[in-house]
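Asker: Here is what each chain is made of, one letter per residue.
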Amino acid sequence: MTIIENTTDIAREIRKKIYRTAHFAGGGHMGAAFSMTDIISVLYFGDVLRYRPDEPDWEDRDKFILSKGHACFALYSALAMAGYFPEEELYHVGKPGSKFGGHPKLHDIPGVEASTGALGHGLSFGIGIAYSDKVDGRDSHTYVVLGDGECQEGSIWEGALSAPTLELDNLTVIVDHNKLQAMDELENIVRMKPFGDKWRAFGWNVIEIDGHDHEEIRYALLERKANVPTLIIANTIKGKGVSFMEGVPIWHFRMPNDKELPVLMEELGLTEEDLSR
Amino acid sequence: MRTAYLKALHELAAKDKNVYALISDNGAIVYDDYRRDFPDQYLNLGISEANMIGMAAGMASRGKIPFAYTIGAFLAYRAFEFIRNDVCLQNQNIKIVGTGAGEVYSALGPTHHSTEDLGGLRGLPNLTVITPASPMEVYKATLAAYGHEGPVYLRIGTNREPEIYDGDYDFSIGKSVTLREGEDITLIGMGSILKDMLDVAEELEKDRIHARVINMHTIKPIDSEAIKKAISETGKIITIEDHNITGGLGSAVSEIIAETGKPVRFKRLGLANFSQGYGTYQEVKENNNIGKSRIRETFMELIR
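Listed in order, the protein sequences are those of chains A and B.
Here the working numbering is used: the first residue of the first sequence is 1, the next is one more, and so on.
Here the working numbering is used: the first residue of the second sequence is 1, the next is one more, and so on.
So here's chain A without its partners, still in its complex pose (with noise of 0.2 Å):
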């Protein structure tokens, strides 16, 4: 098998698992998840993360932060799969006695580098730990998703001045560009393009790819230049892999209802047993 072909394999577990964590949980953030499934798939299962499920703390891992937090069924499907722990886990988030909430949270979950939720905190925190393997001339890479909506926030511009400035070519920051928020199509609320002539602007290497794309996505995330950080807008479809749910804003927070469910079963490979305890 190679490695594409793992990684999609391994693309249509994750889906299945978001859904499966999101039914247990009676709700969640599914489209944002579902849009970056190919992105994570790829950096966890594509030889790109360094990574060692049974020591988290490895010294020289490689670091992903999920800035966009409420994406993190994603995450934690992708961590159960790597073997950072059960997969039965997956079933209680947000329940009590879990330490898997709606946002992901340091310490408690084993392999999150950060807790985000609030949108705008992941890249400064990245660009932290970036600058301080750099200095410490640690060989480890620092990759950060963002949404595309959070980029509306002031402190991702800071940010995106930053990494350039402290030429952090340890840094790879991925913009799940579903061309979604919570409420409309971006463009609709705030004017973002053209987007990455912005970053163009800032001084990041920016690389433009199909989101889905696993070839594209591995070859972007394992692009490098000297001195200078990277920016892949990745160019993605909310709630991808659900058709009535692809590039539908409602799906930011929603759960399928009885005549949605066999149709969402159906195109995730779902079981009833799958949804079923």
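If you are wondering where the hints come from, they were derived from the structure by calculation, not from laboratory data.
Watch out, some of these pointers could steer you wrong.
Said to hold, decoys possible - Ranges of calculated distance between the beta carbons of each label pair, as one might list FRET restraints: (1) A/Pro86 to B/Ser172: 43 to 49 Å; (2) A/Asn188 to B/Gly119: 35 to 41 Å; (3) B/Ser172 to A/Glu59: 43 to 49 Å; (4) A/Met192 to B/Pro110: 33 to 39 Å; (5) B/Asp40 to A/Asp60: 18 to 24 Å; (6) A/Ala226 to B/Pro162: 48 to 54 Å; (7) A/Ala182 to B/Gly109: 35 to 41 Å; (8) A/Leu275 to B/Lys15: 25 to 31 Å; (9) A/Lys225 to B/Asn159: 50 to 56 Å; (10) B/Ile29 to A/Glu246: 43 to 49 Å; (11) B/Thr260 to A/Asp274: 54 to 60 Å; (12) B/Lys15 to A/Gly154: 35 to 41 Å; (13) A/Trp58 to B/Leu143: 31 to 37 Å.
Please read these numbers as outputs of a predicted model, since none were measured by experiment.
Glycine included, every Cβ here is placed at the ideal spot set by N, Cα and C.
Put chain B on the given structure of chain A with help from the hints.
Answerer: Same frame as chain A, now just chain B:
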């Protein structure tokens, strides 16, 4: 106070290569020696407080000990959510150093005054809040903040504060300093306004009124034992602070008083509004009803 802070930071940086001075383009010449001696442990991140605090948290997660410094008003208000989520929620070992405590940047006006910072910061879990009263105390508090594993907010003034200590003394986080013994009334203060309080207490000594003066340099965790002792031994307490009357020292002390259920004559002196008017620090304090004359009046009202 800033010079005393830099002296301590210089020593810490020499001792521990993980100590980093982060600044948000504020500090000017006071950082000259530090920058010369530790260029690799210094970052001016520009005018971006939120980014500075977020980045400090990332650095702390990699074992660095960032001292993030700028005007307290910009940290406590602009970067509050970053202090809450990135620093306190994750319990990162960061020292947040806010200059210009209270109205000390008197003529610069309310945008540059840290007069509501404690109201917000005092409520943050994991955060230790220290408001030193003099240059010597800033020096000791900076070393103590380094020695404390976890987030600390250090509220310091500028460079004109008088020294209130005659000689060396023990500083420890959470343990107030009784600057003056007395059994008629207790004055509890924080920051450089303690000098005004000591002056008033001195004057009133001539009238044979013996005032106890407590330097509550740590607002959180507060020294509740010293407050309880003051209640039982003096029965009268005045808190004085260069901070809004809501949410700061007076509020913290009244919380302890209320829970003791003991009768006590109690008065809080602090700002009722944003700082009004301009002038020297002393003039602005007078103009905003926390100057020496108002301390004296309140004192007399309560002692009668």
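Asker: All the hints need checking, so say for each whether the structure fits it.
Answerer: Right, here's what the structure says about each hint:
1. A/Pro86 to B/Ser172: 43 to 49 Å: With Cβ atoms ~45 Å apart, the hint holds.
2. A/Asn188 to B/Gly119: 35 to 41 Å: The hinted range 35 to 41 Å holds for A/Asn188 and B/Gly119, with Cβ atoms some 38 Å apart.
3. B/Ser172 to A/Glu59: 43 to 49 Å: violated (34 Å)
4. A/Met192 to B/Pro110: 33 to 39 Å: holds (35 Å)
5. B/Asp40 to A/Asp60: 18 to 24 Å: holds (21 Å)
6. A/Ala226 to B/Pro162: 48 to 54 Å: holds (53 Å)
7. A/Ala182 to B/Gly109: 35 to 41 Å: Once the Cβ atoms are compared, 38 Å apart, the range 35 to 41 Å for B/Gly109 and A/Ala182 holds.
8. A/Leu275 to B/Lys15: 25 to 31 Å: violated (58 Å)
9. A/Lys225 to B/Asn159: 50 to 56 Å: With Cβ atoms ~44 Å apart, the hint is violated.
10. B/Ile29 to A/Glu246: 43 to 49 Å: violated (58 Å)
11. B/Thr260 to A/Asp274: 54 to 60 Å: holds (58 Å)
12. B/Lys15 to A/Gly154: 35 to 41 Å: holds (37 Å)
13. A/Trp58 to B/Leu143: 31 to 37 Å: Given a distance of about 33 Å, which is inside 31 to 37 Å, the answer is holds.
The structure does not agree with the numbered hints 3, 8, 9, 10 stated previously, though it agrees with the rest.
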